[in-house]
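A.B. asks: Single-letter residue listing:
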Amino acid sequence: MPFFKKRTMLSQVQHAETIVGVGVNLSGRIDAKQDIQVNGTFTGEIVAERDAIIGDRGEVNGPISAKNITVAGTVNGDINVVNELDLLPSGKIFGNISAKVLSIKPGGILNGKCVMHAETKDQKIVKPTYET
Amino acid sequence: MNLFLFNPSAKKAKLKNKIIDYLNHLKVPGEFIDIRKKEDIAKVAKEALEKKVKNIIVIGGDGMVNRLIQVIAKENVNLGIIPIGETNFLAHILKINDWKKGCEILKNPKVVPINLGLISKEKYFTSSIEIEGKDQQSKKFLGIFSRKNKSKYYPVTLSVEGDNTKFKLQTNMSSLIITTIPLPLPKNFKIEDAIDDQELKIIIKSKPEHKSRFDEITTVKGKKIEIESKGPLYIKADGEHSGKASVDIEIAPKCLNVIIPE
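Residue numbers (the working numbering), protein chains in the order written: chain A, 30 to 161; chain B, 338 to 599.
Among the hints, a few may not be true.
No farther apart than 30 Å at their CA atoms in a straight line, the calculated lysine-lysine pairs in the DSSO-like style are these [said to hold, decoys possible]:
{"hint": "1", "chain 1": "A", "residue 1": "Lys-96", "chain 2": "B", "residue 2": "Lys-432"}
{"hint": "2", "chain 1": "B", "residue 1": "Lys-560", "chain 2": "B", "residue 2": "Lys-458"}
{"hint": "3", "chain 1": "A", "residue 1": "Lys-121", "chain 2": "B", "residue 2": "Lys-560"}
{"hint": "4", "chain 1": "B", "residue 1": "Lys-411", "chain 2": "B", "residue 2": "Lys-538"}
{"hint": "5", "chain 1": "B", "residue 1": "Lys-432", "chain 2": "A", "residue 2": "Lys-62"}
In case anyone wonders, no lab produced these hints; they're calculated from the structure.
So that you can see chain B by itself, here it is in the shape it has in the complex (with noise of 0.2 Å):
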C-alpha cells in the first residue's frame, strides 16, 4: 500500500492535481495526506506504521524527509520522494530529477537500503549537515543600514575514528560540512556503489595563512566525529535547523529503504 504525504506550503504546491493524475495513469494507487503542519508528520508516519504501509512517499523537498525518517529509519517501510519545492538534494542524489521520474519509479519500485548519518545518537540526516560558528543575522546600522557580520572562525577540535584511522584534528573553521555520499558527486555517482563505503565525509574551511583570499579546505574521512567549540556551533541537518552544541556525529549503515530508479 502506498500512502502519499503532500506538502501544501512546498512551491509547486499547484502541482497536486496534476501529481494525481499522473499517478492514476500509471495506475499506482494510494492514500493522499495534506501535511499542513512539520509537527504532523511524525504522528502521521506513526500511524502508517501502525497500518504496515509498504511505501510512504513523500511529496515536497528535503526538509518534509528529513522529518519523515526520524520515524521510519531502521523500520521495515520503503521511503519514495516525488520532488517538488526548493530543496531537494536527496533526489537528486538518486537520480530522481523531477516530479514524473518520482512517479514513474513507484510502478515497479526497485528498493536499496542506504546509509545515513547520525547527529549525537538521536537525529538523523540522509545526505549532509552543515556546521557553522559564524553569526548569519546582519545588523542594522545607525537603526538604517543593515551589515552582515564579517565571517568569524571559530577554534574546534574534530576526533575522528574510522577503520584504522583514529585522529584529532584542531584548526579555526569558518564552516564545515558532513555527508554520506562523496562530495563533489562523482560524474556517473549512482547510490548503489555509496552503501558499502561506511564513511563520513569531512570537509572543513578554516582561516587561510598569510594574505590568501581563499580559506583553507580540509578533507578526511570517518565513522564517527565528535566535534567540540569552545563557542556555539550552528547545526543544519538536509537544510533544517537542528540546534547548536558540541556534537557526535556517526554513519548509520543501511537504515533507510529507499526507492529508486532501475
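Chain A on its own, in the form it takes in the complex (with noise of 0.2 Å):
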C-alpha cells in the first residue's frame, strides 16, 4: 500500500528538478543545477544554472539568474538572463532585467531599466553593472 501511494504522487512530478508548489512559501537561497519552476512564493536569490519558470500564480521577491528565464507571473527583483527572457501576459516584473533577447508578450509588464547584452563567448551568468 505504501508504495502504491509513492507511484500515484510521483506520476505528477513535474520535469523541472525543483518545483514550488502553489501555496508553499519559501525564503532563502536555491542554487539550482537544473530547472527551477515557482508556482508559489520564494523570498530570497534564485541562481538556476539552466532555466527558470515563474508559473502564473508564482512570486519571486529577490534576484534571479538563470539560463533562460520565462516569467507568468511576478518577479519584485532583478532578472539577469543569459540567454531569453521570456514575459508573458500574466507576467509582471518590477526589477531591472539583462538579456541577450527578451521577448514580451501583450499584457506582459516590466517596470526597470533594460540592458540588452552582447553575446559572450563563455556564456557565464554575469551580473549587469547599472549606471546609477
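Build the complex: two chains, separate frames, hints provided.
C.D. replies: Structure follows, in C-alpha cells:
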C-alpha cells in the first residue's frame, strides 16, 4: 500500500528538478543545477544553471539569474538572463533586467531598466552593472 | 566468506530450498542463518563483523535490509540481496529483479559504495522515508461501519541546506517523501551514477489552492533537512515505522558497500 501511494504521487511530478508548488512559501537562496519552476512564493535569491519558470501564480521577491527565464507570474527583483527572457501576458516584472533576447507578450508588464547584452564567449551568468 | 540471513516469515519463504540448490549449482558457498525475530538481525550482524565476514546477504525484503544496515553502515563488509517477500525497492534500484539474479551476482560480485540517508543522526535508510501527519487508522462509526479519517494537512517548516543553497519552506503538507535517489527513477538509471549526486530529494504533497482535486507537489533538493511541525509526524523509513517527532535528515555519503550486477 505505501508503495502504491508513492507511485500515484510521483506521477504528478513535472520535469523541473526544483518545483515550488502553489501555496508553498520559501525564503532563502536556491542554487539549482537543473530547471527550477516557481508556482508558489519565493523570497530570496534564485541562481539556476539552466531554466527558470515563474508560473502564473508564482511570485518571486528577489533577484533571479538563469540561462533562460519565462515569467508568467510576478517578479519583484532584478533578473539576469544569459539567453532569453520571455515575459508572458500574465507576467509582471518590477526590477531591472539583463538579457540577450527579450520577448514581451501583449499584456506583460515590465517596470525597470533593460540592458541587452551581446553574446559572450563563455556564456557564464554575469551580473549587470547599471548606471546610477 | 558469505553469510546468508534468511527471513522465514517472508512471503515466498518456501523458496529457501530452491535458493540453496541454485547457490550450490553456482558454487557460491556460505553459511545460512534463519532470522526468526527482527531483533536478532543486529545481534547476528555484530557477530559477523567480529568474525570479519566479507559478504552478508539478505534473503528477504526491505525491512530486513533496513535493520541490517543500522549495524553494517560504514563497516568493512558488503551487503548482498536475494529479494523475496513483498517490498524490495532497494533490490529494484540495484537492478536485482529476482532471487535468481541475486544469487548469480554473488559468483563474481561487483561492489559499489552507495549513499544512505540518516535520520536524527541515529537511523539509516537506504532509499526513502515517508512522513505523514494524517491519522492512518480508520474509526468505527456506531460500532459497525469503519470510516477512514479524511486526509489532513499539517503545517510544517523545512529548513534545507545544500552546497550553495539554504532556505526555509513552509506549507500545509499531507505527506512528504525524502529519497537518496532520483524519483521517478529515470529509464536507464544506474546506482553508480547516483553516488556522486550526494543530495537528498524531497517531494512534498501539500494542500491544494482553491478547489483543485489534486494536492500541490513541491520538489526540492538538499544535503540536510530539518523538519519542524507542531503536530506529530509519522515516519516510515524503507517501509518500517520509525517513530514520530520533528526530525533532521541528512545524506550519509558512500557509507554502505553493496553487491550489484555487472
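A.B. asks: Hints first: check each against the structure and report whether it holds.
C.D. replies: Hint check results:
At roughly 35 Å between alpha-carbon atoms, Lys-96/A and Lys-432/B are farther apart than 30 Å, so this suggested pair is violated. In summary, the hint linking Lys-560/B to Lys-458/B is supported, as the alpha carbons are separated by about 13 Å, within the 30 Å threshold. Pair hint Lys-121/A plus Lys-560/B does not hold up; C-alpha atoms about 33 Å apart against a cutoff of 30 Å. A C-alpha spacing of about 22 Å is found between Lys-411/B and Lys-538/B, which places the hinted pair at or below 30 Å, so the restraint holds.
Our distance criterion of 30 Å between C-alpha atoms is met by Lys-432/B and Lys-62/A, whose separation comes to about 27 Å.
Hint compliance for this structure: hints 1, 3 are not met, and every other hint is.
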